[in-house]
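A.B. asks: Position chain B against the provided structure of chain A, taking the given hints into account.
Chains A and B, in that order, are what the protein sequence lines are.
Heads up: the first sequence begins at 1 in the working numbering, then just goes up one per residue.
Heads up: the second sequence begins at 323 in the working numbering, then just goes up one per residue.
Keep in mind that the hints were calculated from the coordinates and are not lab data.
The hints are all genuine.
Simulated crosslink set (SDA-like; lysine to any residue; CA at most 20 Å straight-line): (1) B/K418 to A/S135; (2) B/K638 to A/L5; (3) A/K183 to A/L195; (4) B/K473 to A/G26; (5) B/K378 to A/P94; (6) B/K332 to A/G237; (7) A/K56 to B/E455; (8) B/K473 to A/T24.
There are 2 protein chains.
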Amino acid sequence: MQGELELIAKIRQRAAEVPAPRVTRGIGDDCALLRTTAGEELAITTDFSIEGRHFKLEWHTPESIGHRALARGLSDLAAMGAKPVATFLSLALPKKLTAAMKKEPSWMDRFYEGMLSLAKEEGAPLAGGDLSESSLVVADVMLVGTVPRGKALLRSGARAGDKLYVTGALGAGLLGLRILEGKRKVSVEAETDALHRHFYPQPRIEQGVALRGVASAAMDLSDGLSMDLARLCAESGVAAEVDAARLPRAMEATLAEALHGGDDYELLFTAPAKKRVPKRLRGVEVTEIGRVVVRRKGRATVALVDGKKKTALEAKGWEHFS
Amino acid sequence: MQGELELIAKIRQRAAEVPAPRVTRGIGDDCALLRTTAGEELAITTDFSIEGRHFKLEWHTPESIGHRALARGLSDLAAMGAKPVATFLSLALPKKLTAAMKKEPSWMDRFYEGMLSLAKEEGAPLAGGDLSESSLVVADVMLVGTVPRGKALLRSGARAGDKLYVTGALGAGLLGLRILEGKRKVSVEAETDALHRHFYPQPRIEQGVALRGVASAAMDLSDGLSMDLARLCAESGVAAEVDAARLPRAMEATLAEALHGGDDYELLFTAPAKKRVPKRLRGVEVTEIGRVVVRRKGRATVALVDGKKKTALEAKGWEHFS
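Just chain A, same shape as in the assembly (with noise of 0.2 Å):
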C-alpha cells in the first residue's frame, strides 16, 4: 500500500493515546507482546465487518463503522465475562478510501476515531494489526480478554428449570436497518433511539462481568434471538421457552424485529431458578424472558409461548444487506 509506513505511524500515535497496561510491546514489531497473570485464562475472538454485508458505505459513517467492528467483538467478551486488555484490526480498503487520506480528517481516521473512542471506554487498547488494499472495505478484529481461570461464562452450562434472561432492550438493531433501508417508518423519538443503537451499540462488558457467578450459561445476541437462542440450547443440549409479552423491546420494536434482529448486542443469559439475578447491572436492565425446558426429541428446540399458545419459534436468523 502506498504511504504504508507513514499509515502506521500515524496509526502508532493515535492507538498511544489508550492506555495500555498488559501491552508490553504494540504496533511496530513482527508482533505485539502481552504480559499475561497467574490465575487467568485468555477470551479471544475474532469478527469481521464487511462492506455490503456488515454497513453500507452510503448509511454508515467511518465512526460508525469502526465503532460497529469493535463493539462485535468486544460483546463476545462480555458474554464470556471477560474483560478486554488488547485489540488487533486488520484493514483492508479500497483505493479511493486510502488516497484520500491528505484530506483531513480522512476516512480512515474517522474510522480509527470512531473505534478508538470505544477502545478508550472499554480499556480495549489497540496493540497491532494489519493494513491491506482491497476492492471492498474488510475490517477484521481480534478482541484479546482476561478472566479468572474457570470463571468464564460458557454457552454450555444451561440447564433444564433454569430461567432464561436478557439485558436491555431487542429489536433496534434490526429496526435501524429497516429505517435505513426505508422501509420502516416509526416516530420522530424511536426513529432516534434505534439508530442510535444501531450505529452505536453497547456492548455489555461491565454486565459480563457482574454475572460470572450468577449466569449457568450466557452468550451474546448478534444475530438475533430465535438463532442465538437455539445455539446455546444445542452447546447445552436443552431446549427453551420464550414469553412472547416478556420480550423487551426497543421503542416501536415489533415482536418480530425483536425475536429475529440481529445486531443488538445484548446478553442472553440463563441462572438456577433459586439464584438471585438483580434487575439491573450496571444501569441496564434485566428481563426474565422464559425458561430452560428439557429438550425432547419430535419438540421444537426453542419455543414462543404467545398467552396459550405455544408454537414453535423458527431460528430466522440475521437478516444482511443484500
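C.D. replies: Just chain B now, kept in the frame of chain A:
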C-alpha cells in the same frame, strides 16, 4: 451464510485433529479460552491473505492458499522467537466457493487441508475465527504464541558493530511469482524449487526459538530484504550494509529478486560481532550478509556493497499481483 452451522461443525471436527494443549475451549462459544502459564509473554500477530493481492485463484491451489495464509503468521512468531499455541482464522468467501461445498473435497475442505497440515506440523491448533460471505476471498489469520518473559527478539535491538544474518536462501518467493506470470524462464530444477518455495514457504519457528539469547534483533522477510531491513534499521536507530556477493540466493534467482522479492519468510537477524552464531540452525543454513553501522545524516540507511562500490539500496518493497 447458508449452511453456516453445518460448516462450523465440520471445521470444528477437522480442527480437533490438531493437538491443542493450551486451548481449554475451542470453536463453538463466543470466544476461545486459552490457558497461560507464569513467566511468559504472549506474542500476537494478524495477517491478511487477500485474493488478487496475496494470491490468485488461477495460480494457487486452495491447499497452497491455506498453507501460505498460516505461514505468514507463523513467520511473524518465528521472528520474535515465539512458539505458536493457537490459530484464529477469519475467512470470507464468494458464494460460488461455499455453494460448491457438496462436492468433496470442496474448495474450503482443500483450503483447510493446506492450513491444518501446517498447523499440525508447527503445533498451531485452530481455536476459533469467523466465517462470512464476500465478493472475494479474504483470509485473516491471527496467531497467538508464547515466549519466556523478556526473551522476545525485537526489531529494535540492533547496534552498530553487530553482524547481519539471514536464514535459508532469498528470492524464491518472487522468482516463483514471475514464473507464474510467464515473465521468467529458468531450468526445470530451479522452477520446481522456486514454485515449491512460493507455494509452500516454510516458517522458521525452530530457528527463531534457537536465536533467543543469540540475536540482538530479528524480523521475518515478508516484503523483501531491502524494505524489511530498512524497517529494522528504523526501529533500532541504526544503518546497515549488505554485501551483494554474500547474499544466499535461491536457485537461479537474480540479485534483484533476492534483494527486493517478498514472500520468502526467512529470518533476518543481527548479533554482536563476538557472539558465536551457528552456520546452520536445525538444518537451515545461516549466512552472514553484512553489518550494522552508525546512522548518519546524509548517508543511506541501507547500503549495498558490491566489490568496491557502495550504493544506497532503495527499498523497493513487495511486488504484488496487480
